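Student: Given next are the chains, with one letter for each unit.
Number of protein chains: 4
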Amino acid sequence: MEGLLTQLIDRCRPFARSGKVANYIPALEKADPDALGIYILDRNGLHAQGGDSQVPFTIQSIIKPILLLQALMDNGEEFVRSRVGVESTGKPFDAINISNAVDQEILSEHINPMVNMGAIVMCTLIRGGNYQERFNRLLELTRKLANNPDIDVDEEVYASELATGNKNRALAFLMKSCGLLEGDVEEVLSCYFRACSIRVDCRDLARIAFVLSNKGRDFMGNQLFPARYAHYVNAVLMTCGMYDGAGDFAVTVGVPAKSGVGGGIMAVVPGRMGIGIYAPALDKKGNSVAGIRFLRELSKQLELSIF
Amino acid sequence: MEGLLTQLIDRCRPFARSGKVANYIPALEKADPDALGIYILDRNGLHAQGGDSQVPFTIQSIIKPILLLQALMDNGEEFVRSRVGVESTGKPFDAINISNAVDQEILSEHINPMVNMGAIVMCTLIRGGNYQERFNRLLELTRKLANNPDIDVDEEVYASELATGNKNRALAFLMKSCGLLEGDVEEVLSCYFRACSIRVDCRDLARIAFVLSNKGRDFMGNQLFPARYAHYVNAVLMTCGMYDGAGDFAVTVGVPAKSGVGGGIMAVVPGRMGIGIYAPALDKKGNSVAGIRFLRELSKQLELSIF
Amino acid sequence: MEGLLTQLIDRCRPFARSGKVANYIPALEKADPDALGIYILDRNGLHAQGGDSQVPFTIQSIIKPILLLQALMDNGEEFVRSRVGVESTGKPFDAINISNAVDQEILSEHINPMVNMGAIVMCTLIRGGNYQERFNRLLELTRKLANNPDIDVDEEVYASELATGNKNRALAFLMKSCGLLEGDVEEVLSCYFRACSIRVDCRDLARIAFVLSNKGRDFMGNQLFPARYAHYVNAVLMTCGMYDGAGDFAVTVGVPAKSGVGGGIMAVVPGRMGIGIYAPALDKKGNSVAGIRFLRELSKQLELSIF
Amino acid sequence: MEGLLTQLIDRCRPFARSGKVANYIPALEKADPDALGIYILDRNGLHAQGGDSQVPFTIQSIIKPILLLQALMDNGEEFVRSRVGVESTGKPFDAINISNAVDQEILSEHINPMVNMGAIVMCTLIRGGNYQERFNRLLELTRKLANNPDIDVDEEVYASELATGNKNRALAFLMKSCGLLEGDVEEVLSCYFRACSIRVDCRDLARIAFVLSNKGRDFMGNQLFPARYAHYVNAVLMTCGMYDGAGDFAVTVGVPAKSGVGGGIMAVVPGRMGIGIYAPALDKKGNSVAGIRFLRELSKQLELSIF
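From first to last, the protein sequence lines stand for chains A, B, C and D. Count along the first sequence from 1, add 1, and you get the number used in this note's numbering. Count along the second sequence from 1, add 1, and you get the number used in this note's numbering. Count along the third sequence from 1, add 1, and you get the number used in this note's numbering. Count along the fourth sequence from 1, add 1, and you get the number used in this note's numbering.
One thing to keep in mind: the hints can contain errors.
Identical copies go unnamed one by one, so any copy, or any two together, can satisfy a pair.
[To be verified] Straight-line Cα separation of at most 30 Å, BS3-like style, residue types lysine-lysine; simulated pairs:
(1) 286 / 177
(2) 286 / 168
(3) 286 / 21
(4) 31 / 177
(5) 216 / 301
(6) 286 / 301
(7) 177 / 21
(8) 285 / 31
(9) 145 / 21
(10) 301 / 168
Worth flagging that the hints you see were computed from the coordinates, not collected in a lab. Quantities reported herein were computed from a predicted structural model and do not represent experimental measurements.
Model the full structure from these sequences, guided by the hints.
Tutor: Okay, here's the thing in structure tokens:
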């Protein structure tokens with residue numbers, strides 16, 4: 002398997018050149034655009050890795066499925082559904098998703114957990130006495146899913162996100178003004194920015210993906226959350242996980258996945274394996290170019306498509 | 002199995018009351034709102050049926066995956082992709098999907114094969130000397146997929162669609178004006194309306210779904226189209242098949258499916274079975290109420306979700 | 002005065018170079034991009050002209066205020082208002098103006114008489130047994146306003162408009178599907194296309210503008226329509242007459258006006274004069290570049306702004 | 002004249018019942034919905050008043066033309082135009098005016114000085130070392146235009162605006178994220194909220210309107226600003242001053258005007274008079290119901306329409 006991975010890495014690395022490392026904050030800009038790493042964990046507990054699989058990077062939007070899990074675990078499906086819809090928006094992840102241009106209405110059923118609006122709302126659904134406590138619970142869940150107690154926040158990235166996050170501030174104040182967001186906007190946002198700044202590597206993502214692929218059970222057999230929450234998260238990843246490139250990914254790769262502007266992709270192959278990828282050069286939609294290319298090739302080779 | 006079906010039919014039939022039979026043309030309005038039929042065909046060639054599984058109805062939007070198949074078979078993936086995108090629109094199936102409100106641009110990458118705009122374009126991608134010939138090839142493919150040479154057009158419905166289809170005319174002329182549609186608009190539309198007026202029953206849909214679930218091979222083992230086209234169609238069904246309710250369906254049922262305003266649903270359980278449903282009372286998004294309810298229950302009972 | 006006109010013509014003619022003659026139909030493309038003509042008729046019955054004031058051109062959108070007049074004369078203000086709103090759309094003149102992207106609603110209060118949707122509706126408001134008769138009444142009104150019985154249709158332009166008018170067909174079928182348009186779409190459109198193809202010159206426009214500037218009374222003192230209809234039309238011209246450049250025109254020229262893609266501008270200086278301009282090179286919004294420039298200079302020199 | 006005013010007040014007061022006093026902050030909610038006051042100042046220096054003309058209220062959006070004047074006086078027309086467009090948006094005053102739903106672009110040419118986005122930008126265009134200084138210059142201009150040194154801020158309203166202004170925060174952060182807004186968002190907003198909270202009465206508005214109607218000259222003959230800025234402001238008021246009801250107001254009243262949710266309307270009759278109205282019950286678009294009614298009647302009686 003590792004031979005196959007090396008071969009695919011060599012073949013896919015050049016595709017990074019058509020992409021660009023995220024540059025809205027200095028900390029992300031420093032990433033090596035040619036980096037490409039992969040880690041796979043299968044249901045037999047076997048793992049394989051290749052390339053830059055040990056380079057740390059910030060989780061960014063890949064925290065969204067974990068936020069969704071935490072929200073589900075803390076509130077149940079029905080309540081979460083009533084606050085954040087599950088339909089694709091047909092728009093970019095940071096879009097201002099106004100349901101009605103004239104009435105300037107925003108409806109919870111027109112946002113989903115994989116766009117920024119939905120993720121910001123989910124921060125308010127985490128249980129906790131204050132936002133420090135809420136964030137810590139999310140961090141703990143992330144560590145537990147990845148079986149890695151060392152996972153922590155990249156404070157430099159967090160500070161940058163906080164300084165530059167005006168579009169997210171706009172989204173949050175807008176939802177606040179429409180009654181879709183409770184609590185202090187800046188506190189909610191600091192939780193969200195902190196969540197995006199969690200530092201992981203390919204192995205972490207592969208392990209988290211594995212639990213999702215395995216109906217909530219980690220590779221040591223611990224049931225970390227109910228199987229139906231795995232269904233919920235995977236279904237949402239399938240339809241909305243790859244930003245406004247979800248349809249293309251479904252056709253060409255065919256598994257639930259989530260990408261982040263930090264360059265990571267977490268791919269869930271239900272019943273078979275969890276995959277973590279790192280390749281920071283992004284296409285226009287914010288997805289990792291070489292990472293998607295790699296997953297396409299891997300999916301063909303291993304017949305991963307669930308369709 | 003048929004015991005289970007009967008039990009679920011009894012449980013789900015009352016949900017039809019919250020829906021309404023499509024009434025934009027008289028021929029559809031005549032449908033019995035309480036009807037509920039199901040037909041299942043599994044990979045072992047076994048079938049089961051229940052309720053009103055033999056009532057004929059018009060295929061309506063369920064022709065869209067077949068149109069997509071025909072377009073793929075006639076043009077290959079790359080060409081089809083260049084003419085009709087694969088991303089969710091976040092809008093209703095008959096939406097005017099303008100990419101840019103100011104410049105009034107419509108881009109092929111913002112339409113998909115499961116919305117009317119995309120389906121109308123796909124009619125122009127069928128090979129044939131004229132639209133009679135093109136339509137006949139589509140009808141032949143439908144008959145072949147369903148292994149039913151008797152499938153034909155409901156001429157009354159066709160005449161009504163033709164008479165009332167002004168929104169679709171608007172969509173077609175709009176695409177024409179943007180250079181997205183070739184040929185004579187009224188001819189293209191007559192092909193599209195005729196395609197929507199094809200009459201099927203639950204068994205037909207189950208058999209078509211079966212071929213899609215079985216990588217292009219029918220239950221007698223004939224390879225009707227390449228496996229990768231089944232992947233393509235199923236992926237598109239998953240992300241866009243249930244109109245702007247696709248996300249909800251992915252979460253609660255978890256299989257590729259397509260509904261039509263005639264009351265049909267075709268559900269594809271990859272590697273396992275094809276399902277045809279009939280229940281004509283629709284929700285606001287145009288999906289069969291009792292049909293979706295039935296599929297939810299069935300998915301839970303048989304663990305059909307691919308996630 | 003004619004000295005001033007000549008001087009301004011010389012100064013403004015070069016601005017045409019930044020524009021482009023309409024080229025969506027061959028007949029318009031033949032226009033001389035450097036042409037610039039003007040005709041002024043003031044309340045004392047005096048007139049002045051300069052440049053290419055005798056070149057004939059098609060009236061195009063400048064028929065819209067006449068259509069509005071005819072609709073008002075045939076139906077009164079209240080009824081016309083209930084069918085076509087009076088607010089700016091903030092969009093191009095041929096925009097698909099959907100009030101609600103999700104529900105795909107189009108409301109009459111979100112269209113106005115100066116955008117194509119509104120103008121098409123107004124064709125249905127002209128009284129007449131059939132569309133030949135309706136169009137003839139509109140043509141008669143145009144001749145009467147211009148005091149020129151020779152005004153007629155440019156049949157070549159009409160044939161081209163008919164052949165290429167798919168965007169307008171889309172608009173009409175869309176309104177039809179929303180219940181905003183009565184009658185046979187192709188008949189309504191043929192009336193609309195024919196109306197746009199009426200051939201006029203600067204003197205015709207100046208005379209029509211004069212009647213509007215003079216509370217409905219022509220320069221011989223005949224009251225052609227009630228003063229309040231002049232108010233109505235002029236107000237709509239002010240807020241919506243220059244396409245999505247109406248605000249700029251209000252600031253820099255400051256009088257009600259209407260432009261057409263044929264290169265004409267009709268400007269109404271209430272209580273003072275009517276102006277007809279011809280300069281076929283257009284800016285991106287479809288307004289005559291040199292024509293607007295000319296009107297800016299003239300407005301400064303003669304203090305025409307009503308503000 | 003005062004007899005006419007009294008008569009019109011009696012006739013128009015009942016129309017207030019179809020409206021509602023603004024209730025998004027408690028301070029506004031206390032207003033008497035039946036109040037109706039008017040103050041007129043004509044070019045001969047004569048004035049007339051009637052009804053509740055001495056009730057103080059907050060200026061709210063009527064500060065926008067004064068903000069525009071200040072911006073013009075501090076930066077000239079060209080610079081102001083480059084930062085804030087002059088076209089109608091076709092949307093409500095507090096709309097999020099995204100030019101392109103997919104690219105989430107906001108262009109300065111698609112906002113105008115009469116919508117909140119434009120007004121917030123104009124706060125950044127006032128000259129001054131800090132926002133205290135900038136605001137003081139705006140307040141001074143307001144006092145000078147109204148010839149009333151006692152005009153000041155309603156601190157209760159200001160505090161409420163600050164506490165509830167999340168939609169405006171969203172607009173400001175959005176523009177900030179698009180590079181349309183310089184400076185600290187909260188400081189800019191505090192200037193804007195403070196500006197909206199300036200307390201005036203009908204006489205103040207009439208006097209301000211008078212200067213605008215009189216080419217920048219007050220009733221004592223002082224030239225407070227260049228005549229061309231009066232043209233600019235009046236033209237913008239005409240096309241965008243009455244929110245998304247500007248077209249209707251142009252047709253039925255026919256003069257430049259600005260309304261505010263505090264219940265005020267300032268109407269400018271170029272070359273003739275300035276009018277201040279107070280009637281706090283608002284229609285759905287945020288315009289004073291009885292105030293508009295009153296102006297319609299007055300316009301008919303005195304033939305005020307500039308068309």
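Student: Now look at each hint and say whether the structure bears it out.
Tutor: How the hints compare with the structure:
no.	hint	verdict
1	286 / 177	both (27 Å within a copy, 22 Å between copies)
2	286 / 168	both (16 Å within a copy, 27 Å between copies)
3	286 / 21	within (11 Å within a copy, 35 Å between copies)
4	31 / 177	between (34 Å within a copy, 25 Å between copies)
5	216 / 301	both (24 Å within a copy, 14 Å between copies)
6	286 / 301	within (23 Å within a copy, 35 Å between copies)
7	177 / 21	between (33 Å within a copy, 24 Å between copies)
8	285 / 31	within (19 Å within a copy, 42 Å between copies)
9	145 / 21	neither (32 Å within a copy, 47 Å between copies)
10	301 / 168	neither (38 Å within a copy, 40 Å between copies)
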